[in-house]
Amino acid sequence: MSLLDDINHINNQAKERISNADSLDSLNEAKVKYLGRKGELTAVLKELKNLSVDEKKSVGAQANRCRQELEELIATAAGKFSTSKTDSSFDYTLPGTSSQIGVVHIINQVIDEIVNIFHGMGFEIARGPDIETDYYNFEALNFPPDHPARDMQDTMFVEGGRILRTHTTPVQVRKLEEQNPPIKIIVPGRTYRNEAISTRAHIAFHQVDGFLVDEGVSMADMKGVLVAFCKSFFGPDLKLKFRPSFFPFTEPSAEVDVSCFLCKGKGCQLCKYSGWLEILGCGMIDPNVLIKTGHDPEKYTGYAFGMGVERIAMLKYKINDIRHFFNNDIRFLRQFK
Amino acid sequence: MKLSHNWLIELTGLNWTPEETAEKLTLCGTACKNIEPTAKYMDKVVVGEVLTLSAIEGASKIRLAKVTTGDEELQIVCGAPNVAVGHKVPVAKIGAVLAGDMKIKKTKIKGVESSGMICSERELGISDEHEGIWVLPDEAPVGKPLAEILDYDDHILTFDLTPNRADSMSAIGIARDMAALANKKLMLPQTDIKESDKQAYDYISVTIDDAFGCPRYAARIIHNVKLAESPWWLKKKLITSGIRPINNLVDITNLVMLETGHPLHAFDLKRFGSNEVVVRQAKEKEKFITLDDKEHELDKNVTLITNGKTGVAAGGVMGGKDSEVKEDTKDLLLEAAYFNPSLIRKSRKKLGIVTESSSRFEKGANPNGIEFAINRAAHLYQQLAGGEVASGIVDCYPKKIEPANLSLRVKRCNQILGTGISQARMVEILKALEFEADNSDPIKVKVPTFRPDIEREIDLIEEIARIEGFDKIPTPQSITGPLYTPVHWEDNFKKEIRTLLTSSGFDETIAHGMVHSRMASLLEPEMKHLKLLNPVSEEVNVMRTMLATTALSVVSHNLSHRNMDIKLFELGKVYFPPDSNDDWVEEEKLILAISGSTAGNWREKPRKLDFYDLTGALDNIWAHLRLGEYSIVEQPVGWMENNMSFSISLEENEIGVIGKVSSKIARKFDIKEDVYIAEIFMGSLIARGKPLIKFSNLPVYPSAPRDLAIIVDNSVISSDIIATVKKNAGKLAESVKIFDLYTGKQIEEGKKSIAISINYRSAERNLTGEEIDIKQMKIIESLKSEFKADIRDK
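Protein chains in written order, with the working numbering: chain A, 1 to 337; chain B, 338 to 1131.
Isolated chain A, as found in the complex (with noise of 0.2 Å):
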């Protein structure tokens, strides 16, 4: 009898013991059997060697063959017996055991998304100190002494003679005064007002404050920058309106409004039904900090804008309360996840 010969017939026996099988035991004993180590066709295949190189072809081949679908047909076989009961009792809906994760606070999450896309426009983050002196938070920035200007930022004094700051513009005069322009800046910080503490104001909050100073600057450079800053954080279909308003550092002023993203301009509860909101305070650098900085007012102009981080994550969260911020009470700071 050729190998061949046995090939097929082990083949042969292999197919008929395999559909015969009627467990997952019976069928392993199979397997072992035909293809195990000390397996039939195993056997055969060691017999190889003894044969000639045209031969062990085409034997070789035949035995791969057979060994392939005997492989094939006692996966398919297993498979009938695999309902075992380790599998189907897997439970894959308990929860994962993932580990808990912390949350950035929402006025430092709001701030980062804020100077995130000045960034991108090429304004570069500052900073200065909480405890000012009057001449960067007022003088130098054209608030007269005893003038009604001062009472729109009821002061927070230290002892020492100097005071908190009631705004972060105070970093425009102390940038002015480092640098030489072009001098593009965008100032986050923390400010603070003299104010009895309610549900609409704090004596602590944040700010956004940011300024361009070059040659050739124009309010409709700040009108650019402001709407593309509105639609990047708020949506693209926003509308926006610039009304004149009075700071003491910039003139002209202007006040942002920006149509309500929750009615879409309709009108409702968030807007007081006036479908716009107060976003942003802005204007061009009065010339009066320009001179009191050292910048010739004739050659360069610029422009500045600021908003309230607080007020715009209420009207984005409809956070109803400004005294959640710092309370810090874990299951406000964990809805911002």
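For the record, the hints were derived by calculation from the structure and aren't laboratory data.
Just to be clear, a hint being listed does not mean it is correct.
List time: in silico SDA-like cross-link candidates among lysine to any residue, alpha-carbon distance up to 25 Å [as the list claims (entries may be wrong)]:
hint, chain 1, residue 1, chain 2, residue 2
1, A, Lys-272, B, Phe-496
2, B, Lys-339, A, Lys-337
3, B, Lys-781, A, Asn-288
4, A, Lys-337, B, Thr-839
5, B, Lys-687, A, Asp-214
6, B, Lys-809, A, Glu-55
7, B, Lys-370, A, Ile-322
8, B, Lys-748, A, Asn-288
9, B, Lys-1125, B, Asp-1050
10, B, Lys-910, A, Asn-116
11, B, Lys-942, A, Val-103
12, B, Lys-831, A, Gln-335
13, A, Lys-337, B, Thr-836
14, B, Lys-910, A, Glu-195
15, B, Lys-997, A, Gln-100
16, A, Lys-231, B, Gly-806
17, A, Lys-46, A, Lys-80
18, A, Lys-292, B, Pro-678
19, A, Lys-316, B, Pro-355
Note that the structure is predicted; figures quoted are calculated from it, not measured.
Following the hints, put chain B in place on chain A, whose structure we already have.
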């Protein structure tokens, strides 16, 4: 400020709706925040006549009124003392909704049915008057809707004015902006007077001794005024502006102030005390009683109007008690003056009063608008009080305040705004705002004195922009200014710390840094804290010098709200009083605070959070930011437990503390649970920067891991063991780690078992078993000799 919309229409002749007016004014800088119909609470309110009044059994304060409203008779229970038979009264019928959301329904009071309400002014939203019902004039026609007979078809506009615009604190000022927007002329109210034969100079003289505080003082004398109720048109203008009508003598000065923005004051000439007005600085501690019956002590910042002897008015702020206009007043001394804005500010601060008058003078009234204002008032005294106006104005104006001369460059204006507005349009706008402007370039401009805020070319540019409309300024799509600006490591450093800590389960908190001095001193009794001079409340009166002070409050808040398992951090500033060099220091710090247990899940039981959760978090930060190695050394910290109190150092420099908050301190914050805190100065860490990563080749030769278990006294610390192992293993030890720690039954008391894994590897060759065995022997010998370690068999 509130104004009647009809009033603005009367002054401009425009046919704008209230909404149009509000929108247009807002877009030119006079923000209108609210529009409210005047007759908001007058729906279903009609004129009624009281027919009968009868007592109600068992009630002394209320009576039953039978009232006719023409088409029906109503039975109404009324509690007002001033109701009388024959009175014409406002009657709210069933279904009316009055001020304060009061809905009128059919009710029973003391068993008596009541079908409506006889109203006071307050219930109708007209004033705060609610002492009695509002008795209407006898000629009021019964049955007519109240709003109709009051001519009350109007809207109240509420303006949110900016502090620079003194001119917009008046009806004329606001109407002027409207007229400019529509390019129309204002329609000014009448000022014509028939002067009497008497000469004002014969009754009064004016001397200004303080021309700095009061650059101009003008007076008129008006004889034989008759006190009466003001006509409805006048009352309505006051009411809609939120000012309560009193009588014609008082109401006229108030009306003229609202109309022109110029506050006036009327003295009773008989009570004035002399025939001379002397304006001077008040003396230090000079006493003065204002007409609200309060005694004040003055200083030199108060410009005092005197009769040559005593004060009669705190100039521009409030009149005096003694010379006040009363019911028997016959002759008036009418004052129209101009006061220095910054002195008024000081003066009203000294007096502690803000009045309609002081807030207008503080922003800046019009020194050259005095004739108009005083003549307008004199006109009204003549028309409404039968006053005889003496001839002439006694006007003391030592140095005339001239209009400012400015020039406006057309090109400059368009450069600043980014627009292309023509010279002609600029001139047109300026003229519409009542500026004088010529046709040259630069445009020569004369600024009227009612606009003290216009001092420079840039202020004119703003006028052009706000009347032209900010919406006319284009919105370019390109960016100006530098494209590249540097990113600072400090910002990224903090961002990375936030990412690291939140990804290991810490929640970020922020505190405002103001704390109570008692709490601040608890943690640092020796420290001098920076005091707030005008704290909002005593609860926050110093600046923190440690983040722990605020962190413990946050922990306490959370624990008291049953948030028991907390891992918090804050990146925040601490503040110190100036040192001897007057350097003010604010420093950035990082605090970690933990309490309670890990979250746990169905596979892992929760366990208590402790010291090692803090050091683990620090390890992550140190490894990620490549800060080198920190060391922890026992050190007593006042607010920490004695045996759980350490300092953290980086290369010999102490940078922070770590440990467990002492129960004594915790109790002061109402905390009963264990709290672990690490607080670190960030400055030195940030200053190190983040070293660049240098790639190292992957190892070619295999590693040989060996484990070692030793038993040592509890007092031996693991870092010493690791150091000894590393020293003896030398360069071949790629890593040395503690992988198990055991104390308990199988170990002698006072001892612990520590299992260490050492990974040997050489970058140059395969290591042989023998050479590793030799290293292991050396390690074991030194552990034995240095720590009396017993080696555990596997």
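*Hey, Lys-831/B versus Gln-335/A, does the alpha-carbon distance stay inside 25 Å?*
holds, 22 Å
*Quick one, are Lys-748/B and Asn-288/A close enough, alpha carbons at most 25 Å?*
Measuring from Cα to Cα gives roughly 20 Å; hence the hint holds.
*Measure nothing beyond the straight line between the CA atoms of Lys-46/A and Lys-80/A; if it is 25 Å or shorter, mark the hint as holding.*
Not OK: Lys-46/A and Lys-80/A at ~33 Å, beyond 25 Å, violated.
*Would you mind confirming whether the straight-line C-alpha gap from Lys-370/B to Ile-322/A stays at or under 25 Å?*
Distance ~22 Å between Lys-370/B and Ile-322/A Cα, so the pair holds.
*Are Lys-231/A and Gly-806/B close enough, with their CA atoms no more than 25 Å apart?*
This hinted pair holds, its Cα atoms lying about 22 Å apart.
*Take a quick look at whether Lys-337/A and Thr-839/B sit within 25 Å of each other, Cα to Cα.*
holds, 10 Å
*Lys-997/B and Gln-100/A: Cα distance at most 25 Å?*
Holds, at about 23 Å.
*Is the Cα-Cα distance between Lys-687/B and Asp-214/A 25 Å or less?*
Cα-Cα ~44 Å, so violated.
*With a cut-off of 25 Å on the C-alpha distance, tell me whether Lys-339/B and Lys-337/A pass.*
Violated: Lys-339/B and Lys-337/A sit about 45 Å apart, past 25 Å.
*Hey, Lys-910/B versus Asn-116/A, does the alpha-carbon distance stay inside 25 Å?*
Holds. Lys-910/B to Asn-116/A sits at ~22 Å (cutoff 25 Å).
*Lys-272/A and Phe-496/B: Cα distance at most 25 Å?*
Measuring from Cα to Cα gives roughly 16 Å; hence the hint holds.
*Does Asn-288/A lie within 25 Å of Lys-781/B when you go C-alpha to C-alpha?*
holds, 22 Å
When the structure is compared with the earlier hints, violations turn up for hints 2, 5, 6, 17 and 19 and for no others.
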